[in-house]
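For reference, the chains in residue letters:
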Amino acid sequence: MTSAGWIRTAVVVAFVGVVELLCRTGLIPNTVLIPPSEMARELVSILEGGEMTGDIAATFRNAVLATVIAVAIGFAVGIVIQAMPALRRSVEPLLASYYSVPTFIFYPVFIVLFGVGDRAIIAIAVLLAVVAMITATLNGIDRIPPVLKKTARIYRMSRVRTALLVELPAAAPYLFTGVKLSVAYAFIGVIASEFILSGSGLGYEIAYAYNNFENRKMYALMLLVLLSVALINSVLDVIDNRLQSRLRR
Amino acid sequence: MRQHLATLLVFAALIAAWQLLYLIAGDVALASPVATVRRMVEMLQTRSFWDNARETGYAFLCALALALAGGVGLGVALGLRRLAAVVAEPILITLYSIPKVTLYPLVLLTFGLGISAKVAFGVMHGLIPIAIFAMNAIRQMKPVYLRSSRVLRLTSLQTATSIVLPAILPELLSGVRIGFSLTLLGVLIGEMFASRHGLGFLITNAMGLGDMATIMAVALFLTAFALVANGMFSSLNRMTHR
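In order, the protein sequence lines correspond to chains A and B. For the first sequence, the numbering used here gives the first residue as 1, with consecutive numbering after it. For the second sequence, the numbering used here gives the first residue as 1, with consecutive numbering after it.
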């Protein structure tokens, strides 16, 4: 691990320690926040008990599906928009203001279209994630150095070969930023939809625990969400760093 | 002129798609464009709508001010120290990608029901993207700027206000643009859960009644507001890029 990594670990550990201390000494009342060690213990017992394995698996499955769909659609749409500059100039303000409208108010539409259950949740998550991918695709294509395209022309490469061998690798780091954001938004979309609207999944279980004043369970599940996000992010970060270092080569 | 035509076509296509969706899904799922606009016009003439809008607007302004101050402060403070930025970035990105709705119970337990919970929720959504953009903008700033500030023996505060902030202004504006949208989203979500006032409450209330026209009308109003704000950011952006 790098020295920055060690410092980061130390910062996180210190933060958790302070929270633990504040909870133990009663400065933060137990009705508001339980000590992190208690959360961890409760989480372990929940995972061992297995009563929530189904919910957790469903949440992750939906998030993965939503990410894959959003990345595929976002990439395709991005390429189409990029190919038509006039369209692009008109659509860009819409893309930029997109995130200020709460997407899940369109849940009733999806229920009618897809029925109650996983498919409606996935649809909302896709709706949330796809715009990040579109924006990243546009950005990625913009950033391809013109000299690479010229080189491809000099070698008389066909359009398909240019796209696969020159443009795609050149845009890859930017596209990956889009993938990273899509993962985050898909996760947010799935959990938020479950939290607000659904009857199953990790988000629902948190809402259910909250409504029943089961603080321990609620915080244990929140910890699980937090840990999952941190883990997913660090894996994506490693891939991202590899791609970024290719840019500087 | 061609550009205006293209914009017009995009809007026409969106409305056509909306109408088509309405024809497929029917009244239960959404309101037709005509019904939505009619409902919105009706709504804009009522006092209660403007009371709610004012409530949301006030919470939003508070949240935006806090998110801006906190985000820029944090971003600049971390960005100026290379090591601090490297240490903090993954932490900030993880915080950014947490589904913040799940933290809502914590916010409610801490702040109670009412405006402070809404504002806190807005700040939670908006602060981090602004900080990330500010921090990364500083890291990509030309090193000569900081060297000249050292030559001139400026204090950290002077460096921040007279060198760093002007240099990162364009990137900062992109961050603020995203922060603006997300803060609004945060405040609205906050209102949807735990409020008896505001546009978010209007939406949840309409959801309970199955009143799709009102939901869509509020959504349309918010979209229009976001588009106008976005247009303002775009022109600001062009000014800073001179």
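There's no promise every hint is true.
[Stated by the list, open to error] Examples of chain A residues lying across from chain B (beta carbon under 10 Å, computed):
hint, residue
1, Arg8
2, Cys23
3, Leu27
4, Ser45
5, Met84
6, Pro145
7, Gly189
8, Ser234
9, Asp237
Just so you know, these hints were derived from the structure itself, not from any lab. Only a predicted model underlies this, so the values are computations on that prediction, with no experimental measurement involved. Yeah, the Cβ is synthetic: ideal placement off N, Cα and C, and Gly gets one too.
Taking the hints in turn, this is what the structure says about them:
With 10 Å as the threshold, the beta carbon of A/Arg8 comes within range of chain B, its nearest partner Cβ sitting at about 5 Å, so the hint holds. Annotation: interface hint on A/Cys23 violated; nearest CB of chain B at approximately 13 Å, more than 10 Å. Here the hint on A/Leu27 is broken, as its CB sits about 13 Å from the closest CB of chain B, past 10 Å. Annotation: interface hint on A/Ser45 violated; nearest CB of chain B at approximately 20 Å, more than 10 Å.
At its closest, the beta carbon of A/Met84 sits 8 Å from a beta carbon of chain B; the interface hint therefore holds under the 10 Å criterion. With its C-beta approaching chain B no nearer than about 18 Å, A/Pro145 sits outside the 10 Å limit, and its interface hint is violated. This hint holds: A/Gly189 has a C-beta 8 Å from the nearest C-beta of chain B, less than the 10 Å allowed. Interface hint at A/Ser234: satisfied, since its Cβ lies 7 Å from the closest Cβ of chain B, which is below the 10 Å cut-off.
At its closest, the beta carbon of A/Asp237 sits 6 Å from a beta carbon of chain B; the interface hint therefore holds under the 10 Å criterion.
Going down the numbered hints, you'll see the structure goes against 2, 3, 4 and 6, while the others check out.
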